[in-house]
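As they're listed, the protein sequences go chains A and B.
Going left to right, the first sequence walks through residues 1 to 313 as the working numbering numbers them.
Going left to right, the second sequence walks through residues 1001 to 1313 as the working numbering numbers them.
These aren't lab readings, by the way, just hints derived from the structure by calculation.
Virtual Cβ for every residue (Gly too), placed ideally from N, Cα, C.
Hints should not be assumed to be uniformly reliable.
[Said to hold, decoys possible] Chain B side only, calculated, beta carbon under 8 angstroms to chain A, not exhaustive:
1. Trp1088
2. His1162
3. Phe1163
4. Glu1257
5. Ser1285
6. Asp1290
7. Ile1294
[Said to hold, decoys possible] Lysine-lysine pairs mimicking DSSO-like chemistry, simulated, CA-CA at most 30 angstroms apart:
8. A:Lys98 <-> A:Lys148
9. A:Lys125 <-> B:Lys1148
10. B:Lys1148 <-> B:Lys1195
11. B:Lys1125 <-> B:Lys1148
12. A:Lys148 <-> B:Lys1125
13. A:Lys99 <-> A:Lys148
14. A:Lys125 <-> A:Lys99
15. B:Lys1148 <-> B:Lys1099
16. A:Lys148 <-> B:Lys1148
2 protein chains.
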Amino acid sequence: MYAIGIDVGGTNLAAGLVDETGALLCRAECPTCAERHQNEVLDDVAALTVQLAEQAGGLDEITALGLGLPGVVDVRRGELIFADNLGWQHVLIGEEMKKRLPLPVFAGNDANVAALAEARCGAGKGVESAVMLTLGTGIGGGIILNGKIYTGAHYVGGEIGHFILETNGRLCNCGVRGCFERYASATALILAGRKALSENPTGAIGRAAAGNPGEVTARLVVELAREGDRQATAIWEEYLHYLLTGMVSLVNLFDPEVFIIGGGVAAAGDFLLEPLRTRLPRMVSFTDADQARIELATLGNDAGIIGAAMLGL
Amino acid sequence: MYAIGIDVGGTNLAAGLVDETGALLCRAECPTCAERHQNEVLDDVAALTVQLAEQAGGLDEITALGLGLPGVVDVRRGELIFADNLGWQHVLIGEEMKKRLPLPVFAGNDANVAALAEARCGAGKGVESAVMLTLGTGIGGGIILNGKIYTGAHYVGGEIGHFILETNGRLCNCGVRGCFERYASATALILAGRKALSENPTGAIGRAAAGNPGEVTARLVVELAREGDRQATAIWEEYLHYLLTGMVSLVNLFDPEVFIIGGGVAAAGDFLLEPLRTRLPRMVSFTDADQARIELATLGNDAGIIGAAMLGL
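Assemble the whole structure, with the sequences as input and the hints as a guide.
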């Protein structure tokens, strides 16, 4: 049994042929050229599907096509409600694809399908419930309950980057103040590093970035904290505190079997994982109860393709 | 089809005979005397059950017994993990009751079962998903997903009063700083009223309470705000802001069909409901999407009994 998953990004369409175990058998890719009309992009989605299906012996061998879309998706109707990166609104993806392909088509939010892939055959492997935190430009990921993506009654739930960590806090792109992702994304780490550079240009961060704020990356801050630099350590500790505070809220609300941590910041590996595993159990309200495991994501960029395919498997 | 529900409180055991529509047909009650050994309390639970069953024609007419317990409950094992108000730890309620009664026995957290009752046959009537906020001494209530109580992988989820509204905020009884219930419970309103009294003893709050902090109630603050007193209005507006901020987090995570508001503060009625309904849709991240309804709880104190019975219906 095979399905095809396509991660529809603002830059590229990344497609893959996936078997029922979640193994990614082969890939194909083309640029999205998002400035085009949506019909042209969906034509390319169909073309990629046909191209990959040939590897499996033709479309007859394919169970379904799944799409990961960068926006709010009505999964029951197969409708993309809106996607800022693509400039699309109210596109009936399922119906559109049926005009092009004789296949069942499923659609989901791109971050949510990646969480599904990690929960089913990545870091979570077989868990019933998981919260994935993709610590990148924002905080993506999603909530998996009973082995399925949780999106709520109006498909705006599971927005894991947008619960509030500070009432009246930092202004978020979503218009709300104090969202989790303003404090615990890679961007938050970068902005804290740039602030440190401007306050102390001759410090370790300033020297490593040659005084250029544009050279301050999350990786740079993490590396300097790992080496014990005082300023970078203070930034990293504050970052961990915010991340852990958000995780406490998520435990007290969702109490998942496992947290799966992905995104750029997850490259810090044990330097991130160890303090999370040590401190979270001491920070939650019910310290006597069994606790959620904390794991790093294992599927990398393939998670979006695999998870999209899983919508149809 | 009948079930018996018993709300096991620190003060009273409140029991009721409930039919399959959720109607409470008759009640019985006795003091808990929580200082006794748990076996004696459970003997009384059994006696109340037998007493109510007679109203239905005997135990043979009863489908099940459901218990609402003031603590963390492992619903699959029927185990009360701990309940501070009772001083009980690791009590296998299901097994204990089977020694006393020839009935299937189910157990759940008291606030959670009340939320179940409101979602199924109270304010939510038939919804699949609901978040109930019981604004009382703390914030109880619970999360209903797919028509069932959601408690998570280790039964510590759905703790609706204990997600964090302010990192490093007010210290909560649970040991965590900044929990929702420190800001949006009736207690928060009372404490703000007392603070106002101490700062301005001759203000409207001070006069209404005759200068006695112990006379400051949530109802008093609400009434003075309703009358337009400046100080009480400021307290009420701050309270609403915190409550709404928490509800934004809950929308972005759970996106329920309905919020059900109960507890002492809900007695404010439209004075509470109107600003919540007007402001919440403007405060969430995805203002284009359909929104959760906001309703007042309708079952009052009966919710605990009805919800407990529903565990077995």
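Status of each hint after checking the structure:
no. : hint                    : in the structure
1   : Trp1088                 : violated, 13 angstroms
2   : His1162                 : holds, 4 angstroms
3   : Phe1163                 : holds, 4 angstroms
4   : Glu1257                 : holds, 4 angstroms
5   : Ser1285                 : holds, 4 angstroms
6   : Asp1290                 : holds, 4 angstroms
7   : Ile1294                 : violated, 13 angstroms
8   : A:Lys98 <-> A:Lys148    : holds, 24 angstroms
9   : A:Lys125 <-> B:Lys1148  : holds, 25 angstroms
10  : B:Lys1148 <-> B:Lys1195 : violated, 40 angstroms
11  : B:Lys1125 <-> B:Lys1148 : holds, 13 angstroms
12  : A:Lys148 <-> B:Lys1125  : holds, 25 angstroms
13  : A:Lys99 <-> A:Lys148    : holds, 28 angstroms
14  : A:Lys125 <-> A:Lys99    : violated, 35 angstroms
15  : B:Lys1148 <-> B:Lys1099 : holds, 28 angstroms
16  : A:Lys148 <-> B:Lys1148  : holds, 16 angstroms
In this structure, the hints that do not hold are numbers 1, 7, 10 and 14, in rising order.
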